[in-house]
Amino acid sequence: MSVPVEARGLKKTYRDGARRVDVLTGIDLRVEPGEFVSVVGPSGSGKSTLLHLLGALDLPDEGAVEIGGTSLAALDPRELASFRNRTIGFVFQFQELLPDFDAEENVMMPGRIAGLEVSALRHRARDLLAEVGLEERMDHYPNELSGGERQRVALCRALLLEPPLLLADEPTGNLDPKSGDQIFDLMLELQARHGTTAMVVTHNPELARRCGRLLRLESGTLQPESR
Amino acid sequence: MSNLPFSLYVALRYLKSTRRDALITFLSATAAGGIALGIAALILALAALTGFQAALRGEILARTPQIEVELPPDAEGEAARRSVAQLPGVEGVGLLIRGRGWLLAAGRARPVELVGFDGELPGFFPEASDRAEGLYVGDRLATIWGLGEGDLVEVASTRPTLSPIGPQPRVRRLLVHGIFETGRTEQEARVALPLAEAASLLGRADTRLSITTGGLDEALRLAPQVAAVMPEGAVVKTWRDFNRALLFALRLEKGLMFVAVFLIVVVAAMSLVSDITLILASKLPEVGMLGAMGARPRELQRVFLWLGGSLVAIGTLLGVLVGIGGAWMLDRYQLLSLPSQVYFLDHVPFLVRPTDVFWILLATVLLTFGCSLYAAKKAAAMRPVEALRR
Ligand SMILES: Nc1ncnc2c1ncn2[C@@H]1O[C@H](COP(=O)(O)OP(=O)(O)OP(=O)(O)O)[C@@H](O)[C@H]1O
Ligand SMILES: [Mg+2]
Chain A
0 MSVPVEARGL KKTYRDGARR VDVLTGIDLR VEPGEFVSVV GPSGSGKSTL LHLLGALDLP
60 DEGAVEIGGT SLAALDPREL ASFRNRTIGF VFQFQELLPD FDAEENVMMP GRIAGLEVSA
120 LRHRARDLLA EVGLEERMDH YPNELSGGER QRVALCRALL LEPPLLLADE PTGNLDPKSG
180 DQIFDLMLEL QARHGTTAMV VTHNPELARR CGRLLRLESG TLQPESR
Chain B
0 MSNLPFSLYV ALRYLKSTRR DALITFLSAT AAGGIALGIA ALILALAALT GFQAALRGEI
60 LARTPQIEVE LPPDAEGEAA RRSVAQLPGV EGVGLLIRGR GWLLAAGRAR PVELVGFDGE
120 LPGFFPEASD RAEGLYVGDR LATIWGLGEG DLVEVASTRP TLSPIGPQPR VRRLLVHGIF
180 ETGRTEQEAR VALPLAEAAS LLGRADTRLS ITTGGLDEAL RLAPQVAAVM PEGAVVKTWR
240 DFNRALLFAL RLEKGLMFVA VFLIVVVAAM SLVSDITLIL ASKLPEVGML GAMGARPREL
300 QRVFLWLGGS LVAIGTLLGV LVGIGGAWML DRYQLLSLPS QVYFLDHVPF LVRPTDVFWI
360 LLATVLLTFG CSLYAAKKAA AMRPVEALRR
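Residue numbers (numbering that gives the first Met the number 0), protein chains in the order written: chain A, 0 to 226; chain B, 0 to 389.
Just so you know, not all the hints are guaranteed correct.
What the hints assert, rightly or not - If you want a taste of the chain B side facing chain A, the calculated C-beta under 7 Å gives, among others:
id : residue
1  : P87
2  : E90
3  : A291
4  : G293
To be verified - Derived, one-sided and incomplete: chain A residues facing chain B with beta-carbon distance under 10 Å:
id : residue
5  : F35
6  : N84
7  : F89
8  : E95
9  : L96
10 : P98
11 : M108
12 : R111
13 : S178
Calculated directly from the structure, the hints in this document are not laboratory data.
All C-beta atoms, glycine included, are put in the ideal place defined by N, C-alpha and C.
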């Protein structure tokens with residue numbers, strides 16, 4: 000299952016008293032179902048901001064986001080939450096895992112939120128963790144995992160409910176090139192297998208080039224980038 | 000265990016993990032411990048008051064007629080007695096004459112309340128060995144004066160008789176027939192004597208009916224029916240009317256005690272608010288992540304309600320156990336003793352009334368739930384994207 004993502008005329012400005020940061024000044028974007036897009040851009044260019052807007056976590060000042068034909072502006076906070084739960088798998092830039100839950104419980108969390116049956120969730124979580132080579136680490140807590148292991152767990156969690164859209168914000172950040180490579184391979188492989196639409200932010204140009212499409216975010220707008 | 004609702008599942012995990020934080024642990028312990036302390040103190044304080052009140056009521060009500068009717072001066076006592084006796088539920092009706100007088104024996108005199116009765120000695124003279132017609136004095140006076148059955152005493156009335164040599168006190172010489180128990184709460188000495196003797200001393204102007212029924216509540220129920228069959232001008236009084244001031248004081252005392260001790264719970268509720276707020280602040284990024292994963296605002300709020308709720312539950316359970324258990328122990332083994340010369344009881348009695356416990360729990364749960372809700376609302380108001388940027 001996969002969905003198209005469409006954004007039209009997205010603008011986002013952060014205001015803090017007299018200070019004003021125009022982060023996104025006009026984003027037009029269409030991602031086809033099952034497409035794998037990577038976004039690059041200098042630090043502070045608004046990549047995370049864009050991902051938050053596409054992921055129904057924040058609202059744009061102007062413009063509209065449609066995911067699989069659903070306009071996000073039409074949903075109230077409760078509906079947005081359910082929408083995120085069912086439709087979007089997130090890998091966050093900074094907080095990867097919940098520190099009070101072990102790897103398996105972290106992976107199961109979106110299913111817990113959805114109120115699904117626990118034993119089935121556990122099964123699925125174990126399969127996913129085994130797929131990323133963490134069968135020995137299921138009962139480890141985040142502080143007992145390495146950075147790369149944590150990012151693999153976070154990826155499993157994002158994919159638990161087989162969301163039609165995967166949004167990953169620097170899933171290979173803070174990793175050595177080899178581990179980053181592994182994670183990226185894994186993501187490509189899982190994405191291809193499930194046919195998920197995916198959008199991945201990365202600083203690593205080499206990794207970015209391995210995606211279907213490459214976009215550059217600079218001075219508030221998106222430009223296609225040749226590989 | 001594993002199929003817990005999401006919010007409870009997360010709340011229990013947070014409850015466990017925040018134990019590593021010394022300040023949060025301290026606040027949680029203060030909240031739960033304060034609630035426990037407050038509830039236990041409330042239960043014990045109210046149980047002691049209830050125990051005292053029950054003893055005091057028993058003591059006083061044993062010396063008060065259930066229903067007494069003051070007849071108007073011109074009323075026919077015997078006729079009034081017959082009409083009351085016909086009422087269903089009335090178990091006994093006696094004529095009474097009340098008045099003031101003096102008891103004199105062996106050269107000593109003492110003001111007393113005179114109660115003339117016909118037939119058997121009324122129930123509000125408790126613990127007499129024999130209830131036949133005759134003169135009865137209280138055991139305290141009997142001990143002081145060394146009186147016993149068969150001793151001769153004189154009873155004088157405060158109403159004089161006019162004689163050729165001026166007003167003369169009316170005096171009757173009578174044999175002591177029996178002794179009744181003087182309550183420790185009784186301020187004034189009472190003397191019971193046959194109606195005919197009382198009438199000759201006091202006249203028949205203040206004639207009353209003393210009515211006995213199946214019980215105290217029954218007496219309150221019957222009082223209006225008694226009033227309905229009485230002649231114009233009669234005053235019907237129940238045990239409650241005789242002790243109105245005392246009963247009110249007892250209730251007031253209990254209410255004030257409740258408010259004062261409940262302040263402990265109020266303080267505990269405050270620390271519950273700071274506790275939940277602190278946990279929420281320390282967990283904010285994670286709460287944001289849960290929100291990003293699709294936990295609804297209400298559900299996130301419920302996580303912190305459960306947190307507060309489980310602390311309240313622990314505190315309440317502990318408080319009820321300590322309170323009721325403590326009250327039982329203190330009462331059963333009479334652990335708190337009182338100097339019996341000073342008071343009418345030799346130990347502090349504890350009596351736990353279920354309705355008291357119910358009100359304590361209701362007030363506690365309402366307050367602490369309200370406080371938890373207030374603190375937990377911030378979880379619902381949080382925007383995931385802001386929490387994620389921390
Ligand atoms: N809440 C906020 N208030 C004010 N400014 C903000 C806020 N959030 C982000 N910004 C600013 O918006 C800009 C874009 O931030 P964003 O996190 O989207 O950048 P990014 O492209 O993800 O950077 P990085 O590669 O370092 O993660 C930054 O300059 C940042 O300072
Ligand atoms: Mg970023």
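Checked hints:
no. : hint : result
1   : P87  : violated, 64 Å
2   : E90  : violated, 66 Å
3   : A291 : holds, 6 Å
4   : G293 : holds, 2 Å
5   : F35  : violated, 21 Å
6   : N84  : holds, 2 Å
7   : F89  : holds, 6 Å
8   : E95  : holds, 9 Å
9   : L96  : holds, 8 Å
10  : P98  : holds, 7 Å
11  : M108 : holds, 6 Å
12  : R111 : holds, 5 Å
13  : S178 : violated, 23 Å
Checked against the numbered hints given earlier, the structure breaks hints 1, 2, 5, 13 and satisfies all the rest.
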